[in-house]
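J.: Knowing the structure of chain F, use the given hints to seat chains S and Y on it.
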Amino acid sequence: MLSLEYYLVLSALLFTIGVLGVLIRRNAIIIFMCIELMLNAANLAFVAISRSLRHAEGQLFVFFVMAVAAAEVAIGLAIIVSVFKHKETINVDEVNSLKG
Amino acid sequence: MTAEHVLFFVFGAVSLIGAISVISFRHPIYSALSLIVTFFAQAGLFVLLGAHFVAAVQVIVYAGAIMVLFLFVIMLLNLGTLSAKSALKGKLKGLAVVLGVLLAIQGVYIAMTAGTNTALESAQASTEAVTTYKIGELLFSKYLLPFEVTSLILLAALIGVIVLVKRENQTEN
Amino acid sequence: MEIEILPQIIIPIIKILFIAHLLIIGVMAMIWSERRVSGWIQDRLGPNRVGPQGLLQPIADGIKFLFKEDIIPNHVDKPLYVLAPAMLLVPAMIAVAVVPFGDTITIADNVIPLQIADINIGILYILAITSLGVYGVVIGAWASNNKYSLLGGLRSSAQMISYELTLGLAIIGVLMLSESLSLRTIAKEQGANPWEWNFLIHLPAFLAFTTAMFAETNRLPFDLAEAEQELVAGYHTEYSSMKFAIFFMAEYMNMIVGSAVVVTLFLGGWHFFGLESIGGPFWSGVISFAIFFVKTGIFLFVFIWVRWTLPRFRYDQLMNFGWKFLLPVALTSIVVTGTLWIATNGSRLWIGIGNLVAAFIVVAIVAGIMAVDNNSKSAVQSAPDAPPLRGLDAIE
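If you read the sequences in order, they're chains F, S and Y. For the first sequence, the numbering used here begins at 1 and goes up steadily by one. For the second sequence, the numbering used here begins at 1 and goes up steadily by one. For the third sequence, the numbering used here begins at 1 and goes up steadily by one.
For the record, the hints were derived by calculation from the structure and aren't laboratory data. Every residue gets a Cβ at the ideal spot worked out from N, C-alpha and C, and that includes glycine. Keep in mind that the hints are not guaranteed to be accurate.
What the hints assert, rightly or not - Derived BS3-like pairs: lysine-lysine, alpha-carbon spacing no greater than 27 Å straight-line:
#1 188/Y x 134/S
#2 166/S x 85/F
#3 188/Y x 85/F
#4 166/S x 377/Y
#5 87/F x 147/Y
#6 166/S x 324/Y
As the list claims (entries may be wrong) - If you only want the chain F side, here are some residues facing chain S, beta carbon under 8 Å, derived:
#7 10
#8 14
#9 29
#10 36
#11 51
#12 57
#13 59
#14 73
#15 81
If we strip away everything but chain F, and leave its shape as in the complex, we get (with noise of 0.2 Å):
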């Protein structure tokens, strides 16, 4: 039995990876991957204390997460389509008008 620290520290190692893919990656669609690590990283530890608590809750957040998730790449992923037809990149640091 393992203690809830393990999942834990996983949990917090695989969020910061996920946020310095956020912070040092330019290409739209490696941050939207990111971002879903994230959200992974949540679940992780949304399930390791779900188990420690002894509530099922824990899991049903992650169903929810899972449900927001699929939701956000949907429209994410539409808007990195629509941007690419537009300007032909989708290099966030190139992507900065409003307009045009």
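T.: This is chains S and Y only, laid out in the frame that chain F set:
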């Protein structure tokens, strides 16, 4: 070393390596594949935690649907590698270092004081799996409202995507 | 913790080896029967030179593939190009782990369930693993660095996402009635006689599931990912030798696993008029396995039959069909099954009738809306002097 230890370290290592690959590969396709590996390792961790249903849903939703969408878009746009210039310039770099050091100090502090708080560490933590039945029961009784709100979010996303794509068509034609 | 060597290690290994080999032999049998049956359907002979009735033809084919030169073109993305066939084959092979291919068999006082692993989320496991098959196609297509392959991959990924929804939703009704996600329980819940099986209770869902299954296995009439006339050979254009053969083996394995799942979920598993329970604890196991085997074989024949009967869909027809017909039918089946289960106290007869009626209504409504839509469209398009553009629309 129990079997759980071994499996935890295997899955944990795989998910960390996958996560690091996501942010270090140049090409988005490789990043996407690394992310799938990470999701798989996480599904393994969920099984280890007795959350079988969540593990299966993780693979179905993330690996089976979300990442396919990512691959679809990468292939559709036929993206190459982007030149990875550092986004941080001049003064921002100094600020980043200061904030990073602060974060590291916080992390070390937390790590030093951790282990004393046993509130979450219930002695009788169970290894028994939370059944799908239990999840379903909660979902449709206590958490019915959040569940319905989720469906609204999905509907909103659906409409949003259609609007985004439709507008594009009209301006082009 | 004491581990008993025989029941906990030896027997699972024997089962895994048995099933893995059965799958590979099944693939060979499928290659032979596909060619012979297509010959029979098209009123010609098919391969009949190697061995009696051409039975050794798959082995000859295999040897040929093995000894062909293994070409890796210069312009491909090498790591992914090599990885892709394996990514298609592995999900096909491991999905079979939860399929119950018979009742229990008793050998020397050991009661052995004829199934590699009876996990409590069995059907979710199948859905999860089969949804991974698409990566082999998509990655192979992208790594080939070839426009036709890429088009095939794009089509395949869109198709898989669309039809997976139907695949998942169509089984919810079945799960409701058997109150379990374990495939063994689902198979057991269905009675001994054909009219107690799920395919009659959930006829629309069964048809939707089967159709989606055809799409998931990339078989005609849904093989747009490899449509020869349009895309050369789609995602496997650049592949040769054993890598090409692995793509084909994976396709046949997917078909076999798909048939086994359909038999388990809808066609009563190993039940057949109580035949499975005659004989002793040993023979009943063997007979139940044989029944399951024959049912799967018959369903595989349907796969081949459909392939040589129906022409390929056009891409927009494929999407329309998936989203406008199959998905509403699957969703309706969930609502109707749930409602009638409460209303009639779980009467299978009423649920069956209700499902059928509701599916007819839904299909009629959708078809009506599409017909009205088409009429107004072609009225706009066929302005005074233009000829009416109804030919292609009418196919839908």
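J.: Which of the listed hints are broken here?
T.: 3
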